[in-house]
Amino acid sequence: MSFQAKSTVVILTALVVAYGWYGIQILRLVGDSPVETVNYQPLMLIVVVPLVAIATIGHIVISAANPSEADSSDERDREIARRGAVIGGWIVSIGAISALFAAMAEVSHFWIAHLLLAGLVLAELIDWSWRLVLYRRGV
Amino acid sequence: MTKPTKVTNSIRQLRSDHGDMTQAELADRVGVTRQTINAIEQGKYSPSLEVAFLISKVFGLRLEEVFDYPPEL
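Chains A and B, in that order, give the protein sequences.
The numbering of the first sequence is the working numbering, which starts it at 1 and goes up by one.
The numbering of the second sequence is the working numbering, which starts it at 140 and goes up by one.
Since the hints were derived computationally from the structure, they do not count as laboratory data.
Bear in mind that the values here come from a model prediction, so they are computed numbers and not experimental data.
By construction, the Cβ of each residue, glycine as well, lies at the ideal position given by its N, Cα and C atoms.
Treat the hints loosely; a few may be bogus.
[What the hints assert, rightly or not] From chain A, some residues computed to sit far from chain B (all C-beta separations above 10 Å):
#: 1; residue: S2
#: 2; residue: A5
#: 3; residue: I24
#: 4; residue: I26
#: 5; residue: V30
#: 6; residue: A55
#: 7; residue: G58
#: 8; residue: V61
#: 9; residue: A102
#: 10; residue: R137
#: 11; residue: G138
[Claimed, not checked] Ranges between beta-carbon positions, derived for each pair:
#: 12; chain 1: B; residue 1: D207; chain 2: A; residue 2: A85; range: 26 to 34 Å
#: 13; chain 1: B; residue 1: S187; chain 2: A; residue 2: G23; range: 37 to 45 Å
#: 14; chain 1: A; residue 1: V49; chain 2: B; residue 2: Q181; range: 49 to 57 Å
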């Protein structure tokens with residue numbers, strides 16, 4: 001597995017752990033009180049900390065395991081990244097348009113923020129998952 | 140599973156004929172990762188024209204002596 005393929009696994013893990021934790025916390029809060037009163041903003045900002053921490057530690061570990069390959073990439077990695085980003089871009093757009101319609105319908109800020117977040121997180125998950133598939137299947 | 144590319148190549152055989160050159164050695168000379176050479180050999184990646192020329196040059200052969208494409212049926 002190349003450095004960039006390992007990096008893809010690290011980033012996917014960080015996304016799943018951080019936003020999985022966020023999802024559980026939000027579901028707990030929504031279960032306890034109406035969404036209009038849920039104080040989601042601190043959680044939405046704090047979730048970036050475990051995300052960055054896991055990604056950073058993961059990259060240090062895979063770099064230390066094989067220093068000669070650390071951060072190496074070539075044309076195949078760039079092509080795989082490009083194809084992943086194309087799919088991710090579509091998902092972000094769908095999330096943004098959904099949030100736009102939610103705003104026009106004067107839906108609660110909670111849902112608008114979470115439609116945007118869902119679009120961003122899903123885009124990243126699908127982007128990096130697709131890259132992993134391409135590394136395994138071929139381009 | 141069908142391979143992502145129809146381009147075939149004889150890199151594995153050529154490495155063997157050139158003193159059992161490793162994938163890593165070839166990768167270093169071409170400027171790609173070892174995994175990319177492996178993916179090309181397995182038909183999982185079709186290299187750019189530039190990388191294909193560089194690989195051919197390492198073996199001192201013309202492009203079509205290293206890479207092939209099946210004729211249309």
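List of violated hint numbers, smallest to largest:
Numbers 1, 2, 10, 11, 14 - these are the hints that the structure violates, sorted from lowest upward.
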